[in-house]
Each structure stands twice: as structure tokens, then as C-alpha cells.
Amino acid sequence: MKSFLLSLSIGALALFGCSGGESNTAANSSVASPEAATTSFKVALLTPGPVNDSGWSALAYEGLEAIKTDLGAETSNQVAQGNDIKESMRSYAQKGYNLVFGHGFEYNEPGVQVAKDFPDTIFVSSSGSATAKNAGAIRFYLEQSFYLAGVLAANVSKSGTVGMVGGPDVPSIRSTFKAFRAGAEAAKPGVKVLEVFTGKNDDVAAARQVADTMIKSGADVLIHQANAAAQGVFTACKDGKAWALGANLNQNDNESGVVIGSATISAKAAFLEVAKLVKEKKFDGTVVQLGMEKGAIDFVFNDKLKSQLPEAAIKAVESAKADILSGKIVAPKDKF
Amino acid sequence: MIDAVLILRYAAPIAFAAVGETAGQRAGMINIGLEGTMLTSAFVATKVSLATGSPWVGIIVGAVAGLILALLTGVFTIRMQQDQVVVGTAVNLLCFGLCGMLFERWNGATGQLLSLPPLPKFAGGLDVVLLLLVVSAVAISFALFRTEWGLRARTAGEYPASLEAAGYSVIRTQFQALLISGLMAGLGGAYYAIGVAGSFAPDMISGRGFMAIAIVTFARWKPIWGLLSACLVGYFESLQYQLQMTHQDIPKSLLIALPYAATLLILVFSGRSSNAPAALGQPYKGMR
Numbered sequence: 014m015k016s017f018l019l020s021l022s023i024g025a026l027a028l029f030g031c032s033g034g035e036s037n038t039a040a041n042s043s044v045a046s047p048e049a050a051t052t053s054f055k056v057a058l059l060t061p062g063p064v065n066d067s068g069w070s071a072l073a074y075e076g077l078e079a080i081k082t083d084l085g086a087e088t089s090n091q092v093a094q095g096n097d098i099k100e101s102m103r104s105y106a107q108k109g110y111n112l113v114f115g116h117g118f119e120y121n122e123p124g125v126q127v128a129k130d131f132p133d134t135i136f137v138s139s140s141g142s143a144t145a146k147n148a149g150a151i152r153f154y155l156e157q158s159f160y161l162a163g164v165l166a167a168n169v170s171k172s173g174t175v176g177m178v179g180g181p182d183v184p185s186i187r188s189t190f191k192a193f194r195a196g197a198e199a200a201k202p203g204v205k206v207l208e209v210f211t212g213k214n215d216d217v218a219a220a221r222q223v224a225d226t227m228i229k230s231g232a233d234v235l236i237h238q239a240n241a242a243a244q245g246v247f248t249a250c251k252d253g254k255a256w257a258l259g260a261n262l263n264q265n266d267n268e269s270g271v272v273i274g275s276a277t278i279s280a281k282a283a284f285l286e287v288a289k290l291v292k293e294k295k296f297d298g299t300v301v302q303l304g305m306e307k308g309a310i311d312f313v314f315n316d317k318l319k320s321q322l323p324e325a326a327i328k329a330v331e332s333a334k335a336d337i338l339s340g341k342i343v344a345p346k347d348k349f
Numbered sequence: 026m027i028d029a030v031l032i033l034r035y036a037a038p039i040a041f042a043a044v045g046e047t048a049g050q051r052a053g054m055i056n057i058g059l060e061g062t063m064l065t066s067a068f069v070a071t072k073v074s075l076a077t078g079s080p081w082v083g084i085i086v087g088a089v090a091g092l093i094l095a096l097l098t099g100v101f102t103i104r105m106q107q108d109q110v111v112v113g114t115a116v117n118l119l120c121f122g123l124c125g126m127l128f129e130r131w132n133g134a135t136g137q138l139l140s141l142p143p144l145p146k147f148a149g150g151l152d153v154v155l156l157l158l159v160v161s162a163v164a165i166s167f168a169l170f171r172t173e174w175g176l177r178a179r180t181a182g183e184y185p186a187s188l189e190a191a192g193y194s195v196i197r198t199q200f201q202a203l204l205i206s207g208l209m210a211g212l213g214g215a216y217y218a219i220g221v222a223g224s225f226a227p228d229m230i231s232g233r234g235f236m237a238i239a240i241v242t243f244a245r246w247k248p249i250w251g252l253l254s255a256c257l258v259g260y261f262e263s264l265q266y267q268l269q270m271t272h273q274d275i276p277k278s279l280l281i282a283l284p285y286a287a288t289l290l291i292l293v294f295s296g297r298s299s300n301a302p303a304a305l306g307q308p309y310k311g312m313r
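Taken in sequence, the protein lines are chains A and B.
Going by our numbering, the letters in the first sequence line up with residues 14 to 349, in that order.
Going by our numbering, the letters in the second sequence line up with residues 26 to 313, in that order.
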């Protein structure tokens with residue numbers, strides 16, 4: 014019996030060591046006076062994975078940091094998935110947060126639902142289409158730059174086979190891959206586009222194995238949506254003498270030296286813009302679409318490797334870019 | 026196309042952990058902390074190999090980290106006779122937290138893609154650590170079933186009181202077996218970072234430690250079967266990637282689940298095992 018109690022206390026220690034601080038602050042700020050809430054501007058960020066993923070969640074964190082420094086906001090961030098999403102949203106709203114970002118389409122619906130109970134808090138998700146008076150979404154049109162990446166890949170490929178390595182099989186990633194495929198097929202009809210998901214977020218070895226397998230099957234240009242596992246793809250490309258394309262962040266200067274260009278999101282400006290609207294009480298629950306024309310999305314060539322690429326490939330990307338900006342080409346995107 | 030060496034390499038982290046865990050479980054010790062141990066060893070190997078520029082030093086220090094975590098686990102489970110599952114879970118939580126925190130401290134809050142010095146390979150893609158894996162599976166199997174130490178270890182897992190009655194120390198024997206488990210998990214984690222991934226990400230072990238525990242049962246507590254089972258799962262994994270490329274119309278999530286479904290299926294059809302050590306997971310409180 015004694016040992017059972019001891020082991021129980023060890024388990025309890027381990028569990029509460031992680032969450033104890035959180036619940037304390039929740040208790041304190043739920044009774045905060047309305048004055049306190051108006052004088053300080055508080056912004057929270059929920060991400061699907063840790064913000065140290067050098068990718069999707071990392072770029073949201075950069076946005077949050079910008080809000081902190083530029084708007085002097087008090088900020089907090091947390092990983093929240095599945096059933097925890099609503100719980101975390103409620104907890105931030107109770108603490109008097111003015112704005113809660115959910116970085117992914119999976120935060121859209123919960124945000125709209127929770128928003129009903131907390132009219133003084135604005136809920137904004139990255140992607141998604143549901144809205145309410147105090148809930149909305151930023152829709153990053155990353156498909157545009159994935160389309161351009163597809164154009165480049167098809168033009169650079171000598172084998173006529175290119176590949177896409179995904180982490181988890183989720184709608185947002187699937188949508189960008191569709192755009193990549195569309196770009197590749199528009200540039201070189203008949204190009205073979207391989208698509209594999211590892212099913213895991215951070216699994217570097219799985220990403221490398223998939224990339225290895227694709228290169229062995231003849232692919233010579235690969236793009237990824239693997240966040241922190243991206244290095245596995247880059248290393249495989251280096252070993253297999255294939256080119257790679259970066260995603261989300263500018264990954265052109267990766268040590269592998271094989272990244273010829275990156276499809277980037279600049280979430281900083283978007284997050285800052287939304288936070289300003291909320292601070293000035295002008296946010297009206299809409300879906301803000303941000304694409305290349307607003308500078309939120311871009312395709313960036315790696316200047317160090319540009320000379321090794323065929324001139325026609327670079328020209329093809331530049332003309333496709335102009336066509337996207339003029340509206341002549343509309344990159345396909347899924348609704349989610 | 027089947028590339029046996031590639032399958033062995035990608036299966037090696039799970040295989041190392043499973044072979045070591047077999048030795049531990051034969052002596053009655055369930056080490057739930059494998060997942061955290063592998064992550065910590067991978068992290069230590071990453072840090073050390075980057076600092077020294079040597080993959081070898083990274084792997085050795087990473088393996089030692091696994092040894093230290095097993096020692097810590099043993100102090101609680103063997104010395105203080107605490108519940109092995111609870112202690113193992115605590116070790117996992119400690120490792121996840123510590124590695125995540127230190128990773129952020131050293132690489133910034135938004136992380137960084139790291140690239141590690143690679144291990145030299147022989148022709149055909151084998152390397153020293155993969156050979157070590159095969160040798161250690163055979164050696165641990167021999168030690169468990171053909172030596173006096175192995176008899177003691179298995180007795181500690183079946184009926185520890187009789188080991189004590191014969192004049193041997195249950196504590197010492199279980200510690201030895203647990204240290205083997207920690208050392209092998211440490212090797213697996215360190216090899217994952219340096220030999221397989223060539224990088225580190227805070228969540229990259231992705232359940233391999235837990236898979237290893239499942240494989241021990243699946244392989245009927247036999248080290249060589251553990252190695253082969255890990256390779257079988259690895260084979261299904263690589264088959265699944267091939268299928269994703271050739272059959273774009275099959276839902277990806279179905280194929281991603283294939284290795285796990287296949288493992289479960291084999292487990293169902295291979296019947297119930299009678300090999301489980303009788304005193305597995307029970308703290309030994311001495312003769313009464």
C-alpha cells in the first residue's frame with residue numbers, strides 16, 4: 014500500500030509539474046476587472062505542434078513575437094490539438110485575452126463555437142471559412158507559390174518525375190500538393206508527380222526514407238510539407254543528387270546546398286494586421302485572404318544555385334508569377 | 026524492389042530498443058521509458074556530434090545517456106520497488122520536457138533544421154553500428170539462453186524468490202538486465218539521429234520506443250526474433266511508401282496504417298503466448 018501511494022505521488026508529480034502553473038493563472042485572471050482587460054492588449058496563439066518546428070508553427074510564433082514587440086501586447090502560446098482546442102480557447106478567453114489565434118483550419122469551427130460564449134474575445138484561425146461576429150480566419154493562399162514550385166520542378170527535372178513528401182495527411186497539405194501538381198502539369202504535360210505522406214509530424218527518418226524511395230524511383234526534384242522533418246528530405250536529396258524545394262519558411266540556405274527555391278508564407282505581416290484591427294476594435298469577423306498580391310506568399314529562388322538552373326525554367330516561373338498576379342492563372346485551392 | 030540493408034537501417038532504432046528490452050523483460054523489468062530514453066540519447070548524440078564533429082563520440086555518449094536513464098529508472102523500480110509503469114511514464118515525461126526545452130534554448134524558439142556528421146559506410150550501405158546490432162542480438166540471445174547469467178536473469182523474471190534462495194542478488198541481476206535495456210535503447214536513439222535521420226527534431230522518435238515494447242511481446246521475448254520482427258515492420262513500412270507512390274487512388278491514411286495493421290494481424294493469428302515472464306513488472310520485495 015505504501016509503495017502504491019508513493020508511486021501514485023510520483024505520477025502525480027510528473028503530471029502536475031507540467032500543468033500546475035497554468036491552472037493557477039487561470040484562476041487569477043478570470044476575476045480580473047474589465048478595466049484591466051482594456052488597458053492591456055493580450056494575444057494568444059494555439060499551434061498544432063511545438064513552435065520549434067522550423068516550419069508551419071514556427072512562422073506563427075514569429076507573428077506572435079511581432080505583435081508583442083510592435084503592439085506591446087502581452088502574449089502567450091500553447092500547443093493544442095483535438096479535444097484540447099476548445100478547452101484552451103475558453104481558458105484564454107476567461108483570462109481576458111482579446112485575441113486568440115488558432116494556427117490551422119482545425120481551429121476554425123471550434124473558434125466560431127467558443128466565440129458565442131465570449132463576445133469580448135476575437136478568435137482567428139489560419140485557414141477555414143466559418144465566421145461569426147467575433148470569429149474569423151486568415152486564409153494563406155500558399156497554393157500560389159506551390160503552383161510556382163511545381164512549374165519550376167517540372168522545368169528543372171531531367172527525368173520527368175518529381176515528388177512531394179508530406180507529414181500528416183491533412184487537408185491544408187493536400188491542397189498545396191494539388192497546386193504543386195497543377196503547376197508541374199501545366200508546365201510539362203505528362204510529368205510524373207509522386208505523392209507520399211509519412212503520417213507523422215516530426216519523423217525525420219521517415220521523411221528521409223520516403224525521399225530516398227522517391228529518388229530511387231526516378232524523381233529528381235522534391236518538395237516537402239514536413240516541417241521539422243524537412244532535413245530528412247534535404248539530406249536524401251543531397252545523397253541522391255536531386256534538387257529540393259523549401260516550404261513555409263525560406264529554406265534556401267539549408268546546409269545541404271540542394272534547395273533551389275522556397276515557397277514561403279510571411280505570417281508576420283498578416284498576424285500583425287489582424288492584431289491591429291482587433292486592437293482598434295475594427296475586426297468584423299471575416300475571412301481575410303492573403304496571397305502573393307499582398308506579399309504574404311512568395312516564391313523565392315536560391316540566388317546561389319540560380320546559375321545552375323536552365324534559363325527557361327527561371328523564365329517560366331517568372332511568367333507564371335506575373336500571370337498569377339494579373340489573375341490570368343488561378344492556382345487551385347481546396348475549401349476547408 | 027526490396028533493399029534489405031535499407032530496411033535494416035530504418036528498422037535499426039526500434040530493433041536496438043526491442044532487443045535490449047527483451048533482456049530487461051526476461052529479468053522482470055518493463056521499461057516503459059524507452060521512448061523518452063531514445064529521444065534523450067538522440068538529443069545527446071546530436072549535441073555531442075555537432076560539438077565534436079565526430080559521429081562516433083556522439084553515438085557513444087548517446088548510448089551512455091541511455092545507461093544513465095536506466096540507472097535512474099532502476100533506483101526507483103528496483104531499489105525503491107515502485108511501479109514500473111508509473112516510473113517509466115515519469116521518465117518519458119521528464120525526457121520529453123527536458124529535450125524540448127534544451128532544444129529551444131539552443132536553437133531558438135522557432136527551431137532550426139540541424140544536419141549531423143554522417144557515419145562512414147561500407148560498400149552496400151552497411152555500417153559498424155548496424156553490424157553491432159546484429160552481433161548484439163545474437164550475443165544477448167546467447168547470454169540469456171546459454172549462460173549462467175542468463176539463467177539467473179530469467180529466474181529473476183519468473184520467480185525471483187528462488188534466485189534469492191539460491192544465494193544470488195535479485196537486485197543486482199535486475200539492474201544488469203535493465204542497464205542492457207537502457208544501453209540498447211540509447212544506442213537506438215543515438216543511431217536514429219546520426220545514422221538514420223542525420224538530424225534532430227523534438228518529436229522525431231514518433232512512438233518507436235512504444236513500438237519496441239510491443240515488438241518484444243510480438244517476438245515472444247526472443248532477442249533474435251525481436252530483431253527480425255522490427256525488420257518485418259520496417260518492411261511493411263517501406264512497402265507502404267511504395268504503394269503510396271504507385272497507387273495514388275488508395276487513401277493515404279489507410280496505407281499509413283498498414284504496418285500497424287499487419288503487425289496486429291500477425292499477433293492475432295500467432296496465438297497467445299506462454300513465454301511472458303511470470304514476474305514481469307512486479308516489484309520484488311524480498312523473501313518473506
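Treat the hints with caution; some may be incorrect.
Capping the alpha-carbon separation at 20 Å, the derived lysine to any residue pairs in SDA-like fashion look like this [as the list claims (entries may be wrong)]:
id	chain 1	residue 1	chain 2	residue 2
1	A	LYS213	B	TYR285
2	A	LYS281	B	PRO276
3	A	LYS55	A	ASP133
4	A	LYS108	A	PRO132
5	A	LYS348	B	PRO276
Just so you have them, the derived chain B footprint on chain A, three or more residues with Cβ under 8 Å [as the list claims (entries may be wrong)]:
id	region
6	214–221
7	226–237
8	242–255
9	263–270
10	334–341
Simulated from the structure, these hints should not be mistaken for laboratory data.
Being a predicted model, the structure only gives us computed values, none of them experimental.
Every residue, glycine too, gets a C-beta built ideally from N, C-alpha and C.
Going through the hints against the structure:
Under the criterion of a C-alpha separation no larger than 20 Å, the hint pairing LYS213 of chain A with TYR285 of chain B is consistent with the structure, at around 14 Å. Taking the CA atoms of LYS281 of chain A and PRO276 of chain B, the gap is about 35 Å. The hint is violated against a cut of 20 Å. Between the alpha carbons of LYS55 of chain A and ASP133 of chain A the distance comes to roughly 12 Å, so the proposed pair stays at or under 20 Å and holds. With a C-alpha separation of about 13 Å, the suggested pairing of LYS108 of chain A with PRO132 of chain A holds against the 20 Å cut-off.
Distance check on the hinted pair: LYS348 of chain A and PRO276 of chain B sit about 19 Å apart at the alpha-carbon level, within 20 Å; holds. Proximity of the region 214–221 of chain A to chain B, defined as three or more residues with a beta carbon under 8 Å from a beta carbon of that chain, is established by the 7 residues found. With a cut-off of 8 Å between beta carbons, the region 226–237 of chain A has 4 residues touching chain B; three or more are needed, and the interface restraint holds. Under a criterion of three residues with beta carbons nearer than 8 Å to beta carbons of chain B, the stated coverage of the region 242–255 of chain A is upheld, 6 such residues being counted.
Only when three residues or more bring their CB closer than 8 Å to a CB of chain B does the claim for the region 263–270 of chain A stand; here the count is 4, and the claim holds. Evaluation of the coverage hint for the region 334–341 of chain A: breached, as 0 residues show C-beta separations to chain B shorter than 8 Å, against a requirement of three.
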